[in-house]
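Residue numbers (the working numbering), protein chains in the order written: chain A, 1 to 213; chain B, 1001 to 1148.
Check before you lean on any hint, since a few could be wrong.
To be verified - Here chain B is said to cover these stretches of chain A; the calculated rule only asks that three of the stretch's residues, wherever they fall, bring their Cβ under 8 Å from a Cβ of chain B:
1. 35 to 41
2. 169 to 177
3. 199 to 205
Quick caveat, the hints were computed from the structure, so don't treat them as lab data. Just so it is clear, CB atoms sit at the ideal spot from N, CA and C, and this is done for glycine as well.
Read off the chains here:
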Amino acid sequence: MKFRQLACRFSSVLSLVVLIAGCAVGNTYNYATGNTALPIKGEGEISVGVVDAREYVLSGNKDSSFVGLQRGGFGNPFDVTTTSGNPMVEDMTEHLANALTRAGFDVTEIRFSSPDNSLILTSVRQSALDKNLVLRVREWKTDAMMKFRLIFDIELSVHDENGVMLASVSDHGDEVLSGASFESANSQLSAAAFGTKIARMFNNPEIRAALTN
Amino acid sequence: MRVVSLCCILFALCGLFLTGCASQNLSADADPSLNLEEMSSFYVQRLPADTRGVGKLIAAELLSLGKEASHGDTSTVDPDVDAIVTYVDKWMWDITMYMIELRVEIRDPDTQYILASGQSFRTSLVRKSPEEMVKEVIAEIMKEAEGL
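The shape of chain A in the complex, shown without the other chains:
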C-alpha cells in the first residue's frame, strides 16, 4: 500500500516536471554554420574576431555558450546554449569567417580573451594585416515561448594594421522574428537572423569603403 502511494506521488511529480519543462530543456542553437551572403566582393587578407561583451557573461552569471532562453509551458525559462558547446562568439567568428571567405577574402580568425579595448587592439596589431574586422557583441540572446524574440546590441568596426579604426557601425533592437517553433527551426532562424544583421552592417557605406579601398 505504502509502495503504491509512493509510486503515485512519484509519477505525479514526474508528470508535473514534464509538463512544466516540456521540450524546453537542453535546447542548443548552431551559430557556426549558415549561408550568409554579404553584399560585398573582396580580395586579399583580412582578420576577423568577435568579442563577447555581454554583461551577464562577463559577470559570470551565464556561461559563454549561452545564446538565449527557451520557456516552458508556464513561462519558466531554461538556458539555450551553442550546439558546439563552444563560446557563442567562437561560433559567430566561424560563421563570419565563412561568409567573408565566400565573398572572396582570405580570412584569419582572431580569438579575444577579454573585451578590453587595448587587448583587442594588441591582437589586431599582432595579426599584421591591412584590414581587420572586430564585432563587439554587447547583447545577443533569443527568447522563445509563443513568439521567437531576438534582443541584440552589436557593433562592427574595421581597423587598419596599426589598430586605427577606419569605420564603425552599430545596431540594436528587440524584435519578434517569428512564432516560436521546434528547436531545429529556432536554431536555423537565429543563425539566419545573425547573418541578416551582419550583412546589413557590411552594406553600410563607410564599412564598404573601408573594406574595398
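Assemble the complex: chain A is given as a structure, and chain B must be docked to it using the hints.
Relative to the frame of chain A, chain B by itself:
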C-alpha cells in the same frame, strides 16, 4: 459550488491551451538603401522541396503588382533580372494541411545578399490560404522597403 469551480478551472485550462492555436506574426526587414520602385524584373527561384507551387504564387503576386516576374529552377535564372526571390514555406496538419509559415527573401543577383525579407507565421485558428499568405508577406516587404 464544487462543480462550478471545476468548470471554471477546466475553462481556464482550455483557454490556456487554445491560445497556442491562435498565434500570428507578420514582419519584414529591408536594407535602407533598397529602392523597390526601381526594380522591375524578378526571378522566383523554386525551392526544390516545393510541390505546392508556392513559387508560382509569388511570381503571380509580383505580376499583379505590375512587376515582371518569372519563376523556375536555379539552372534557368535570367542573369539580367533586378532581383532573385527565394522563399521557405512550412506546413502543418490540423484536420487539414495548412501553411504555418512563409518567408520570402529578395536577393541581389550578383552576391545573393538579402536586400529585403518578410515572413508570416499563422497557427491553425488564424490560418490563411497560401495565396493570402503570399499577398500579405509581399505587401509587408513593400511597406518596409518604402519606409511606411
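Here's how the hints hold up against the structure:
A stretch counts as covered by a chain when three or more of its residues have a beta carbon under 8 Å from one of that chain; for the segment 35 to 41 of chain A and chain B the count is 5, and the coverage holds. Residues of the segment 169 to 177 of chain A with a Cβ under 8 Å from some Cβ of chain B number 3, which satisfies the need for three, so the listed coverage holds. Using a Cβ-Cβ cut-off of 8 Å, 3 residues of the segment 199 to 205 of chain A lie near chain B, which meets the minimum of three, so the contact claim holds.
Consistency note: the structure conflicts with none of the earlier hints.
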